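There are 2 protein chains.
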Amino acid sequence: MRVRLEDVARATGVSPKTVSRVLNEESSVKESTRQKVLAAMESMNYRPSPAARGLAGSRSFLVAMLYDNNDNPASTYLAEVQDGVLDACDAHRYSMMACPLRMRGQDFIRRVDALVFDHHIDGVIMTPPLTDYAPLLQRLKEHGVPYSSISPVQRDSSIGVCMDEQQAAKALVMQLVELGHRRIAHILGIANHGASRWRMAGYKDALAAAGIPFDAQYVVQGEFSFGSGVLAARELFALPELPTAIFAANDDMAAGVMWAANERGLKVPRDLSVCGFDDTPLATQLWPPLTTVRQPSREMGKLAALQLMELLRGRGPGLLVQVPYALQMRESTARAP
Amino acid sequence: MRVRLEDVARATGVSPKTVSRVLNEESSVKESTRQKVLAAMESMNYRPSPAARGLAGSRSFLVAMLYDNNDNPASTYLAEVQDGVLDACDAHRYSMMACPLRMRGQDFIRRVDALVFDHHIDGVIMTPPLTDYAPLLQRLKEHGVPYSSISPVQRDSSIGVCMDEQQAAKALVMQLVELGHRRIAHILGIANHGASRWRMAGYKDALAAAGIPFDAQYVVQGEFSFGSGVLAARELFALPELPTAIFAANDDMAAGVMWAANERGLKVPRDLSVCGFDDTPLATQLWPPLTTVRQPSREMGKLAALQLMELLRGRGPGLLVQVPYALQMRESTARAP
DNA sequence: ACGCAAATTGACAGCGCTGACATTTCTGTC
DNA sequence: GACAGAAATGTCAGCGCTGTCAATTTGCGT
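As you go down the protein sequences, you meet chains A and B in turn.
In terms of my numbering, the first sequence opens at residue 308 and continues consecutively.
In terms of my numbering, the second sequence opens at residue 308 and continues consecutively.
Calculated from the structure, these hints are not laboratory results.
Here the structure is a predicted model, which is why all the values come from computation and not from measurement.
A few of these clues could be false.
Which chain A residues face chain B? A few, computed with CB under 7 Å, are given here [as the list claims (entries may be wrong)]:
{"#": "1", "residue": "Ala386"}
{"#": "2", "residue": "Ala405"}
{"#": "3", "residue": "Phe424"}
{"#": "4", "residue": "Asp425"}
{"#": "5", "residue": "Ala523"}
{"#": "6", "residue": "Phe533"}
{"#": "7", "residue": "Asn569"}
{"#": "8", "residue": "Gly572"}
{"#": "9", "residue": "Trp594"}
For each label pair, taking beta carbons as the anchor points, the in silico distance ranges come out as [claimed, not checked]:
{"#": "10", "chain 1": "B", "residue 1": "Arg409", "chain 2": "A", "residue 2": "Asp471", "range": "30 to 40 Å"}
{"#": "11", "chain 1": "A", "residue 1": "Leu634", "chain 2": "B", "residue 2": "Gln528", "range": "30 to 40 Å"}
{"#": "12", "chain 1": "A", "residue 1": "Gly451", "chain 2": "B", "residue 2": "Gly623", "range": "53 to 63 Å"}
{"#": "13", "chain 1": "B", "residue 1": "Asp578", "chain 2": "A", "residue 2": "Gln524", "range": "32 to 42 Å"}
{"#": "14", "chain 1": "A", "residue 1": "Ile416", "chain 2": "B", "residue 2": "Asp578", "range": "51 to 61 Å"}
{"#": "15", "chain 1": "A", "residue 1": "Pro644", "chain 2": "B", "residue 2": "Val628", "range": "54 to 64 Å"}
From the three backbone atoms N, C-alpha and C, an ideal C-beta is built for every residue, glycine too.
With the hints as constraints, model all of the structure from the sequences given.
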């Protein structure tokens, strides 16, 4: 009923082991044999059994995508990343298991162990903030499971994908400066996220480059959520001298700022310019459309997965590749009032 | 190194097969034996190997979540559903594979076959519009793979979860009527989605109940996306007599309507009431916050998965359960001008 | 205490593949 | 043309579990 490796072997007149070699792209197979086997596989529509491969061999052809599951603030982001990862897996005949992790407590240890022991996963792809969660990384290293990180803070010693967020943030704020803004506020993301750090650093860089003194009262804490954007904006609106522009560390918070601006009777962008970061779908669904930085999440997921698979297939060490950003200047920013 | 079933057997003094029986919750094991085995498993921290179970047995303890991947308009929705599904899987020691399907062409056949043959998946969970895609359903039936549907159009003969969307839509539009609206427009979703049908039907029900004659010019086609909402709204704004309220078939389109209203200089809700459906995060991130219907996507994913697993475990036939809706009256709707 | 069906347990092969190691078939060399 | 060494291929056991079917134990009526 099912076409097995043995069937292909018989049809080709070689031993099962040779077919196995072809399947696993081992180099010690004569090209002519390889072609014959490949042809037979094709014509017989042979599909290897992952279960058998996993049981007999050391590889499972399974990778896990780990993500933080505290709430799900950035579900769009995760969905896009996951899509990219699946894309790459598909191309390389890997399968992916999605695995939300709660960072609090020991839960994540159990989960990771389960993945490693039960499923024998070959590798892991992670999104922030997991990428820099030391206990997790350590556990993975102990298990000898390779991992690929998306936008990790620690950029050495890891493979994956990143974007020059600091440069991007700087460029964005420079645009605000160009528009004549001097009192530019920033809303920070969650403290231990690399994204928060870089975007803040870029903000400072831009101010410095423009010769605008850094003023701590224009920097308020947020936590990447819409609600935190609203709160942060209210805080800023309570200052004696209102900022003329607000750079929120992500789009959700920027949306919160616009919400709060409406509430307060401020007209965006006439009275206040607002910009975010990420270019989520939300950015173009707000009125006015949000100026932001495009982060190619899908592409990044794909690249991270590809790097991992390069490594798993023994084709080189895997790299930390960088993707380009792109400023999206839209109508939420305008000349300073 | 790894604790195997055999180790547990030896420790308990029974045969491996008996341990296997306990593992699989077969009924023909004496309670006292069961307890002993269970205790040993626990203390030895035994974890069965999915690969071995899949290879030897007929079950894989794998379910697949299938979803449509045309673009990814409703990524929030899918992310929530997936989260719920994973939750349920976790509780029942199943694993889940996410599997985006492109409905165009034959691609999906290949993919489904791959899932069934390669991974021996035990069952499938689907989201609209896959739930009613005949070729897919047929293929699954041919393979004898049970499936659980989320909001299927065909409500007989399938297990899964649904919501009374028609009733919900009716109730929502009734609220508009209560607010004094008479010219209420509706923006349709994608044609073959059940959601489009039900929401439209509810809209008609409400008009009928209120004695308002149905006027076809107030119903325009959309496709669930923000952009289509904008276009549809512009169409409505070109009518000689503008509607005073617009019920969009989902939140994204409602956001598009609000965008178009802004563009046109209409003030929501003063000049125009707007409402959507789904209660995505977007709904509370718009200004003003959007009146809509809460659909518990996460819960629905979980329930659909649970129903499937009930079936798989042979605990009853599995049902099509219904979840309650909840109107979310917010500031995007107000008394008719 | 005895017999019989039902309840419980066990023996054993084998799921489809790969790892370790053995064997055969090529190379090029002198 | 014989030979060492590399290249290519083959043999075989076994990964950890479950299906099949056989064996044993138990419960119960007489």
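Status of the hints after comparison with the structure:
{"no.": "1", "hint": "Ala386", "verdict": "4 Å, holds"}
{"no.": "2", "hint": "Ala405", "verdict": "5 Å, holds"}
{"no.": "3", "hint": "Phe424", "verdict": "6 Å, holds"}
{"no.": "4", "hint": "Asp425", "verdict": "5 Å, holds"}
{"no.": "5", "hint": "Ala523", "verdict": "28 Å, violated"}
{"no.": "6", "hint": "Phe533", "verdict": "5 Å, holds"}
{"no.": "7", "hint": "Asn569", "verdict": "4 Å, holds"}
{"no.": "8", "hint": "Gly572", "verdict": "12 Å, violated"}
{"no.": "9", "hint": "Trp594", "verdict": "4 Å, holds"}
{"no.": "10", "hint": "B:Arg409 <-> A:Asp471: 30 to 40 Å", "verdict": "33 Å, holds"}
{"no.": "11", "hint": "A:Leu634 <-> B:Gln528: 30 to 40 Å", "verdict": "35 Å, holds"}
{"no.": "12", "hint": "A:Gly451 <-> B:Gly623: 53 to 63 Å", "verdict": "43 Å, violated"}
{"no.": "13", "hint": "B:Asp578 <-> A:Gln524: 32 to 42 Å", "verdict": "39 Å, holds"}
{"no.": "14", "hint": "A:Ile416 <-> B:Asp578: 51 to 61 Å", "verdict": "56 Å, holds"}
{"no.": "15", "hint": "A:Pro644 <-> B:Val628: 54 to 64 Å", "verdict": "55 Å, holds"}
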